[in-house]
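Each chain sits in its own coordinate frame; assemble them with the hints.
These are the residues of each chain, in order.
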Amino acid sequence: MKPMPLNWKIGGPLLGILVFLAVLLAKPIGVSTQFVVLDAVLWNLQQPDAGIVTQTAEGFTSTNAYLAKSGGALAAEAGNPLTYPVVFVLAMMVGAFLSSLIRSTVPKGERNVPAMYRANTGGFWPLRWVLAFAGGVLVLYGARLAGGCTSGHMMSGMMQTSISGYVFAFGAFLTAFPTAMALLKKEG
Amino acid sequence: MTMTLVIAGLLGAAFGAMLDRIGATNPNWIARMLTLTDTNLMKTILVAIGTASILIFAGQMYGLVDVGHMSVKAVHVGVLLGGAILGFGWAIAGYCPGTGLCGLAVGRIDALFFVAGGLVGAAGFMVSYPFWESIGFLNGEKWTLGAIPGADYPAAIPALQGDLAGIVMGAAFILIAILLPRRIVGRTAARAAAADAAKTAPAE
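Chains as they are written, first to last, in numbering that gives the first Met the number 0: chain A, 0 to 187; chain B, 0 to 203.
One or more of the hints may lead you astray.
Some chain B residues flagged as far from chain A (calculated, every beta-carbon gap over 10 Å) [claimed, not checked]:
hint, residue
1, Ala51
2, Met60
3, Gly62
4, Pro148
5, Gly149
6, Asp151
7, Ala170
8, Pro180
9, Arg186
10, Ala194
11, Asp195
12, Thr199
For the chain B half of the interface with chain A, some residues (derived, Cβ under 10 Å), not all of them [to be verified]:
hint, residue
13, Ile55
14, Lys72
15, Val184
For lysine to aspartate or glutamate, the following DMTMM-like pairs were computed, each having C-alpha atoms within a straight-line distance of at most 25 Å [to be verified]:
hint, chain 1, residue 1, chain 2, residue 2
16, A, Lys68, A, Asp48
17, A, Lys26, B, Asp65
18, A, Lys68, B, Asp151
19, A, Lys68, B, Glu132
20, A, Lys184, B, Asp65
21, B, Lys141, B, Asp65
22, A, Lys26, B, Asp151
23, A, Lys68, A, Glu57
24, B, Lys198, A, Glu186
25, A, Lys107, A, Glu186
26, A, Lys68, B, Glu140
27, B, Lys141, B, Asp151
28, A, Lys26, B, Glu140
29, A, Lys185, B, Asp195
Everything labelled a hint here was simulated from the structure, so no lab data went into it. Ideal Cβ positions, reconstructed from N, Cα and C, are used throughout, including at glycine.
Chain B with its partners taken away, still in its complex shape (with noise of 0.2 Å):
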């Protein structure tokens, strides 16, 4: 008991560390993401799930990772219609549920009025509950790409061996975030500025 919330400090204050590090704590790095102007945050988060993706189920198959630390979680409507819920959210604010309790944490003062938001939006969500269940949008399988040995998760593809599957998505990831340029929006203009910039430069 004692030792899991040692492991839950240990890994909560590296988490919260990291996303500060990556700039997910600052929502001007999650604007430029999300208007594709500069996609290091995208990249870093492509290649994190990759990374993570590689090492769970190539640690799985050499039987060093527990398949019973895995979590899917179900697939159902709401799952579609929350994200979108989400991203509007997401896009408006800068910040997601983990980013913004950190962007408080690092001393963002509108962070706290995301959060105290957040607080609104669950409390929401717990009187509202039942209508989603009622309408089944909340009924799903906890599906995975492909059937995990050892795991009792349905596979989309029961055919494909589902170790095998985590280890080449998450190879696609990494390439896709090697692929990705860093900057996809006003590529044009930015270059120009750049270009003025250097002219102008010798003469001062």
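Pulled out of the complex, with its shape left as it was, chain A reads as follows (with noise of 0.2 Å):
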């Protein structure tokens, strides 16, 4: 018995309403950039001298070319996370957490080796944590070089008629359907 996400017709137009309220109270909805303000605030707490993150009169900089651009934008989102995107991300946790308490919790099993997986590549643990750390690194990897992921180039950069968006879903579908139907050939 696998439970049911709300359907299309209702999940859909909720789901635009709410990424238009973004557009419109804010800016569009994006998650990737996030992954490297973390890692920017892990890297400065590790070597505090490396200069990952550093204040100076003029705003933040950082030795990092990558923190360092666009005047050191990344670098200042590190060494303040208190900023819009940081703290959509986080509630944005909070929210999935929270819905899954209404909607019941992951069973035991599926919350190491979803079903679909499970029936494709078995049921060891291990092997799906490796599989899913290096889904991770080439997912995050791929966003970053990219300039953004499902979330800022597919759903906020087509919905913006962006070109950019519409690149970026050719080149993602492009790959995962025959990645998924190649490695996914059983249903579970």
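Printed below as a string of structure tokens:
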């Protein structure tokens, strides 16, 4: 018995209104940048003398070229993380958690290996963990190279008729469809 | 400042809860979408993009939505290449950045490994950024489809009125969602299985 998500006829308009409200009240939704910000915070804690987050009279900068670009925008966020995008992403996790409390929690076996992956790559936890980790490396490396992820490019981009959104969606589905179809032949 | 953070908190919480409700925090639904065996999630996202697009551009036409709130990203070689790299990982893990964090929040342990991998991948990009910059893969213009009144973004098709194009594209996304079959791959097999189940059911 698989718990059914909201039907697209209801979930689609609701999600659409929500991402519209984000643009109306603040700015388009995006997530993947916050992985860089957290990295920078951790790096700075680990090596405080490496100059990863440096405050100067003009603002923030970094010895890392990526954090220092655009006038040190990312270094500034790591230096003072109480900003809109960081709060948004933390609140997003709280919202998902609260929703799961209402909806009923994820079954125990499912937590380590989701059914579709169990059916195809087996129920061996460590293998699933390695695949999830490798997937995470690829997803975030790709997202930062692209300058955005599924939320920032695909949803927020395409809804603004941004050409980068269409190009990103094309690139992502170009590999995601064949990979999923080769890896996940059995239906869990 | 405080108001901005309150808005961020409310919007973020609502977005996270919605991702959970539409099944996006569950790798099984991502997998069913990417194998085209159940397109409910894809139809949801298409309708969401379409709805938001129509509301944003209609709102701009009537002066209700500030054009300055738009944030268009540059298109460059890295967008295509990065998208393709992300696509591999997306299919392997069943998570993308937002749904991985939300999957972790709803108690999925494999999502913890996805997020840890994500931090390593993001750090890898931080270190290798000068390389991509030096070969020009990150240089590009922030193109939009048409010319959007009040915005400075260059238009891919300058003759096209950008806000009108946004409404038409939004309608097109919703139309595709409606026309897209719920199951595309393995329809015959699924129908046969359902017929089998119906046949054996009365005998039990």
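Taking the hints in turn, this is what the structure says about them:
no. : hint                  : verdict
1   : Ala51                 : violated, 4 Å
2   : Met60                 : holds, 14 Å
3   : Gly62                 : holds, 12 Å
4   : Pro148                : holds, 13 Å
5   : Gly149                : holds, 13 Å
6   : Asp151                : holds, 14 Å
7   : Ala170                : holds, 12 Å
8   : Pro180                : holds, 12 Å
9   : Arg186                : holds, 12 Å
10  : Ala194                : holds, 17 Å
11  : Asp195                : holds, 15 Å
12  : Thr199                : holds, 19 Å
13  : Ile55                 : holds, 5 Å
14  : Lys72                 : holds, 5 Å
15  : Val184                : holds, 7 Å
16  : A:Lys68 <-> A:Asp48   : holds, 20 Å
17  : A:Lys26 <-> B:Asp65   : holds, 10 Å
18  : A:Lys68 <-> B:Asp151  : holds, 22 Å
19  : A:Lys68 <-> B:Glu132  : holds, 11 Å
20  : A:Lys184 <-> B:Asp65  : violated, 46 Å
21  : B:Lys141 <-> B:Asp65  : holds, 18 Å
22  : A:Lys26 <-> B:Asp151  : holds, 16 Å
23  : A:Lys68 <-> A:Glu57   : holds, 14 Å
24  : B:Lys198 <-> A:Glu186 : holds, 22 Å
25  : A:Lys107 <-> A:Glu186 : holds, 20 Å
26  : A:Lys68 <-> B:Glu140  : holds, 17 Å
27  : B:Lys141 <-> B:Asp151 : holds, 9 Å
28  : A:Lys26 <-> B:Glu140  : holds, 20 Å
29  : A:Lys185 <-> B:Asp195 : holds, 19 Å
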